[in-house]
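Chains as they are written, first to last, in full-length UniProt numbering: chain A, 1 to 218; chain B, 1 to 206.
Do not rely on the hints blindly, as some may be mistaken.
[Said to hold, decoys possible] When the alpha-carbon atoms are kept at most 20 Å apart in a straight line, the in silico SDA-like pairs for lysine to any residue are as follows:
1) B:K104 x B:T128
2) B:K95 x A:T57
3) B:K95 x A:R68
Since the hints were made in silico from the structure, they are not lab data.
Listed here are the chains, written in short residue letters.
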Amino acid sequence: MASQISTAMDSLNAAVKSNIIPNQEYLLQGSVMDSAVEVLLQRLRGLCDNVDSRPETFRDHEMCFSIRRGPPPEQPLSLRVRRALDHQDMPWQLRYIGQPELGDKSRPTIVRSSIDIATSSTVVEFLTELGCRIDFEYIVQGYMFRKGRMKVTVAKIFKMVQVKIPDNVEPISQSYLVELSVLAPRGQDAIAEDMRIFAEQLRPLVQLEKIDYKRLSH
Amino acid sequence: MGVTVLQQFPMSENRTGPQTIEFLTKRVVALGAVQTGQFLVDCETYQSVPQLGSPKTVHVLHNSEQPASVFAVLESGTKVVPLIADGLFDLLMLKMTSIYTSKKQTKVEAKGPRFEIGDFCVKLGSVTMSQNFKGVLVEVEYRPCVIPGSSWELMREFLQGFLGSAVPNQAPQYLQNRMNEIYQPMDTIQQYLEHFGQYRKSTSVI
Numbered sequence: 001m002a003s004q005i006s007t008a009m010d011s012l013n014a015a016v017k018s019n020i021i022p023n024q025e026y027l028l029q030g031s032v033m034d035s036a037v038e039v040l041l042q043r044l045r046g047l048c049d050n051v052d053s054r055p056e057t058f059r060d061h062e063m064c065f066s067i068r069r070g071p072p073p074e075q076p077l078s079l080r081v082r083r084a085l086d087h088q089d090m091p092w093q094l095r096y097i098g099q100p101e102l103g104d105k106s107r108p109t110i111v112r113s114s115i116d117i118a119t120s121s122t123v124v125e126f127l128t129e130l131g132c133r134i135d136f137e138y139i140v141q142g143y144m145f146r147k148g149r150m151k152v153t154v155a156k157i158f159k160m161v162q163v164k165i166p167d168n169v170e171p172i173s174q175s176y177l178v179e180l181s182v183l184a185p186r187g188q189d190a191i192a193e194d195m196r197i198f199a200e201q202l203r204p205l206v207q208l209e210k211i212d213y214k215r216l217s218h
Numbered sequence: 001m002g003v004t005v006l007q008q009f010p011m012s013e014n015r016t017g018p019q020t021i022e023f024l025t026k027r028v029v030a031l032g033a034v035q036t037g038q039f040l041v042d043c044e045t046y047q048s049v050p051q052l053g054s055p056k057t058v059h060v061l062h063n064s065e066q067p068a069s070v071f072a073v074l075e076s077g078t079k080v081v082p083l084i085a086d087g088l089f090d091l092l093m094l095k096m097t098s099i100y101t102s103k104k105q106t107k108v109e110a111k112g113p114r115f116e117i118g119d120f121c122v123k124l125g126s127v128t129m130s131q132n133f134k135g136v137l138v139e140v141e142y143r144p145c146v147i148p149g150s151s152w153e154l155m156r157e158f159l160q161g162f163l164g165s166a167v168p169n170q171a172p173q174y175l176q177n178r179m180n181e182i183y184q185p186m187d188t189i190q191q192y193l194e195h196f197g198q199y200r201k202s203t204s205v206i
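In isolation and in its complexed conformation, chain A is listed as follows:
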């Protein structure tokens, strides 16, 4: 039993070095009107892997936090907490999302760095005491599909009429948000091409694009 035990940090550093941690999100987004969602769901059922059963539904509560890392122009660090309202015994999810990189026209998807962490339900109190401020929260409810490594969600966003009470909600629009994403280790750009081809197959029912957040906020 002479073998030396390694620290958790050593194992993590080894995993980082060998590039096996999925820390990049490839993302395309679009939307459809409520009246058109049925057709899109039918099409996705035809294209995706989990077709034999009914599409998987989800209902999540998402809270977006931010913490200032320094005076401007330093960007605040933004953190998201998600919990499944329909599976309350599941771990909560804490997520760091970096600045989206649009890249040039030759790059088919947005790429942003991402760290997904499963946590205990104390995470909201932890972040609050850590010095994070809650910016906004919402309920997202809809359907999830898989196609190989790709994830497709078709979901409606609801605003919460009362803070922290997810029962009393109102839809924020008459449309569904459609997202096509893959979480992968750095440098696996081939997946972006698969996503472009898949997005092509969903046209003209939905147009999945690289959304430029900077243009939206100005």
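Since the structure of chain A is already known, use the hints to place chain B on it.
Just chain B now, with coordinates in the frame of chain A:
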């Protein structure tokens, strides 16, 4: 997973750290314990930068007994908030280095042999703070039971059996406060954190 008691074993002047571990190893092996590898509990502490307002401290701990988890304990002055997360939480702490800075010189770990003996699991940890030996912590877990109040008497007898008078008759204060609650891995972490705090404050070996 059962109830765990963490006990400091006082150092005597005629034994070094490794000699103390060897001395205790002989005793538990004589009782019939079988060594089952090594164990490691480590703790790194982060301090908030002054710009963030009132000072806050985050302790991040790992325990080889729960290798897929990271344990964090946040002390904000008014509250203590525990968090259990998966291994990637360490990457997130690295993203926050401009707000929470690591006090590297206070990095503490307890490391040593792990034994199994019937329903008990015994760990003999030598505690080091940034490579300096600070003392010996003995961890005993009684695995079939998760209620401290129901297992303390049995554990006391077992502990006193091989550690002698170093073990008080009273359960450690931390356990006394939750004798009828269900014991969880975070409770072991909190006990380590308390002991690590004492080693950090002390300037010599204890």
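Status of the hints after comparison with the structure:
1. B:K104 x B:T128: Within the cut-off at roughly 13 Å; holds.
2. B:K95 x A:T57: The given pair, whose Cα atoms are some 33 Å apart, is violated under the 20 Å limit.
3. B:K95 x A:R68: Cα-Cα ~12 Å, so holds.
Checked against the numbered hints above, the structure violates only hint 2.
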